[in-house]
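Put chain P with the ligands on the given structure of chain H with help from the hints.
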Amino acid sequence: MFPMMPAILRNFFSKRATRRYPPMTREPFAEVRGELKNEGSVCTLCGVCAVKCPSQCIVVDKKNATWQWDPFACVYCGVCVDSCKTGSLRQEPLYRKAATGREIVSVKIVLKEQTK
Amino acid sequence: MPVSTIPFGPQHPVLPEPIHLKLTVEDEVIKEVVPALGYVHRGLEKLAGTRDFHQMVQIVERVCGICSMMHAMCYCECVEAMMGIETPPRARYLRLIWSELNRLHSHLLWLGLFADSFGFESLFMQFWKIREKVMDLQEATAGNRVIVSVNVIGGLRRDLSPEQQQTILNILDRVEDEMRLLEKPLLGDYTVMKRTKGKGIVSAARALELGCVGPTLRGSGVAQDMRQLGYEAYGDLAFEPRVEKDGDCYSRLKVRYREVFQSIDLIRQAMEKIPAGEIAAVVKGRPEGEGLARVEQPRGEVFYYVKADGKKYLERIRIRTPTFANVPVLLAMLPGMCLSDVPVIVLSIDPCISCTER
Ligand code: SF4
Ligand code: SF4
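Residue numbers (our numbering), protein chains in the order written: chain H, 32 to 147; chain P, 6 to 363.
It is worth saying that the hints were derived from the structure and are not from the lab.
Keep in mind it's a predicted model, so treat the numbers as computed, not measured.
Just to be clear, a hint being listed does not mean it is correct.
Unchecked claim - What follows is a set of in silico ranges between Cβ atoms, one per label pair, in the way DEER data are often shown: (1) ALA281(P) - THR117(H): 46 to 54 Å; (2) ASP270(P) - PRO53(H): 32 to 40 Å; (3) LYS36(P) - VAL136(H): 54 to 62 Å; (4) ILE135(H) - SER127(P): 53 to 61 Å; (5) SER114(H) - GLU295(P): 24 to 32 Å; (6) VAL136(H) - GLY54(P): 55 to 63 Å; (7) SER114(H) - HIS46(P): 51 to 59 Å; (8) GLU295(P) - MET55(H): 33 to 41 Å; (9) ARG121(H) - GLU295(P): 36 to 44 Å; (10) ARG121(H) - LEU336(P): 34 to 42 Å; (11) VAL39(P) - ARG121(H): 51 to 59 Å; (12) THR131(H) - ASP241(P): 22 to 30 Å.
Claimed, not checked - Within a straight-line C-alpha distance of at most 16 Å, the following computed EDC-like cross-link-like pairs (lysine to aspartate or glutamate) qualify: (13) LYS68(H) - GLU123(H); (14) LYS312(P) - GLU283(P); (15) LYS46(H) - GLU137(P); (16) LYS312(P) - GLU137(P); (17) LYS83(H) - ASP57(P); (18) LYS202(P) - GLU137(P); (19) LYS46(H) - GLU183(P); (20) LYS316(P) - GLU283(P); (21) LYS138(P) - GLU123(H); (22) LYS27(P) - GLU37(P); (23) LYS134(P) - ASP178(P).
No residue lacks a Cβ here, since even glycine has one placed at the ideal position from N, Cα and C.
Looking at chain H on its own, in the form it has when it is part of the complex (with noise of 0.2 Å):
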């Protein structure tokens, strides 16, 4: 007669399923894949990442020793991370937050044999 009553019923009895975002967020999954960081301490500037990287969003810019990385051309599949020889970069278990501009990330990298 009402094939909908037994959903309708445990919906009624049970916890909510949505959340008032963006006042409420869930706990990220430990391995997510989010905000691409680079240390920087260990980073050699080899470029490896740039190349791998599918999108082609990192610039390794040696003369100037910086890494850039433009965040709203990355595709967030961790190609760059699993490539990196020295461990430099890492994924955050969290999202970028929405923006307002467009950001290019530079990092300043000190090489090992400079501060010896």
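Below, chain P with the ligands without anything else, positioned relative to chain H:
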């Protein structure tokens, strides 16, 4: 009766993707249908000239968001066959698990959209609520919600820990339980039957003749499923294609509803049998020659052709997606139907236009 022409799409509330159908109607009965495609062509095949064959994995994933895993898997299988790489057994099972998760969330998405196409909004919300669990599973295990990006040539980039496997099984139990609760409102409802039974009928012979694939073909009574080829670990598991006889929208609905349980069952079987070991083989050299691969996606058979000459970039990659094969049969379903049935019939083939146009 005067004849008039009515456009369906490219923007239509029932279908978020752009396909244009020029409908010639006489007294609200469809006489002729002329399709127009090409609104979202992105030229992904052409990118093979500027991205090397490893990077193409991430490119082909973006052919279709819903079945990204299967596109990448099909492409990897194709290149692996060309290079003579044997993927480790564990990778074959993991690929199966992730591709069945993809199929699950794709079918749940479609079940919701289909309910929406005949105005059953509350059912739409129920299905999407269940789907959210599968999306969360993908996010927790693969790292991304939609484009899971787990494939590399030679195997996989991610493994499933025993805890993750248990979480998947626990959540699938709940998915199954909630799906059973929706069987009656979906398949036993008077309105649903009224809107779907006897609409858009296509016979088995006609469907085969038009090169129809996937659940649309199985809804017409042809037991054809590319998973029967036994690629990846499918050959090791017990599996029968889900088939319905009538060839109408209701049959196609039933096929997809039953395939949700089939996917859950396949994942459970795979979890029981999954061997330990490596998840990726070592890849050396570059592909050379020509290769083909076929994989069953939620919408049907996808077909990859790759041509390479041992250079860094592939020479040619050609993708035939399931919706491309199902458009001719859609055009055969529509004539003789009422104008108000068009959204339901169009959705019954589960069209994925961005896939079709690549
Ligand atoms: S981040 Fe890693 S791969 Fe990229 S330049 Fe630095 S060391 Fe090389
Ligand atoms: S996550 Fe992917 S797209 Fe983003 S920078 Fe790394 S390789 Fe490039």
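Do the hints match the structure? See the list:
1. ALA281(P) - THR117(H): 46 to 54 Å: violated (30 Å)
2. ASP270(P) - PRO53(H): 32 to 40 Å: Since ASP270(P) and PRO53(H) have Cβ atoms about 38 Å apart, the given range 32 to 40 Å holds.
3. LYS36(P) - VAL136(H): 54 to 62 Å: Given range 54 to 62 Å: holds, Cβ gap about 58 Å.
4. ILE135(H) - SER127(P): 53 to 61 Å: Because 46 Å falls outside the window, the suggested range is violated.
5. SER114(H) - GLU295(P): 24 to 32 Å: holds (29 Å)
6. VAL136(H) - GLY54(P): 55 to 63 Å: violated (29 Å)
7. SER114(H) - HIS46(P): 51 to 59 Å: violated (31 Å)
8. GLU295(P) - MET55(H): 33 to 41 Å: This hint is violated: roughly 53 Å between Cβ atoms.
9. ARG121(H) - GLU295(P): 36 to 44 Å: holds (40 Å)
10. ARG121(H) - LEU336(P): 34 to 42 Å: Given range 34 to 42 Å: violated, Cβ gap about 51 Å.
11. VAL39(P) - ARG121(H): 51 to 59 Å: Holds: the Cβ-Cβ distance is about 53 Å, inside 51 to 59 Å.
12. THR131(H) - ASP241(P): 22 to 30 Å: violated (52 Å)
13. LYS68(H) - GLU123(H): holds (7 Å)
14. LYS312(P) - GLU283(P): violated (29 Å)
15. LYS46(H) - GLU137(P): Answer holds: LYS46(H) to GLU137(P) is near 14 Å, not above 16 Å.
16. LYS312(P) - GLU137(P): Answer violated: LYS312(P) to GLU137(P) is near 38 Å, above 16 Å.
17. LYS83(H) - ASP57(P): Holds, because 9 Å separates the two Cα atoms, which is no more than 16 Å.
18. LYS202(P) - GLU137(P): violated (29 Å)
19. LYS46(H) - GLU183(P): Distance ~14 Å between LYS46(H) and GLU183(P) Cα, so the pair holds.
20. LYS316(P) - GLU283(P): violated (28 Å)
21. LYS138(P) - GLU123(H): violated (22 Å)
22. LYS27(P) - GLU37(P): It holds: about 8 Å lies between the C-alpha atoms, which stays within 16 Å.
23. LYS134(P) - ASP178(P): holds (15 Å)
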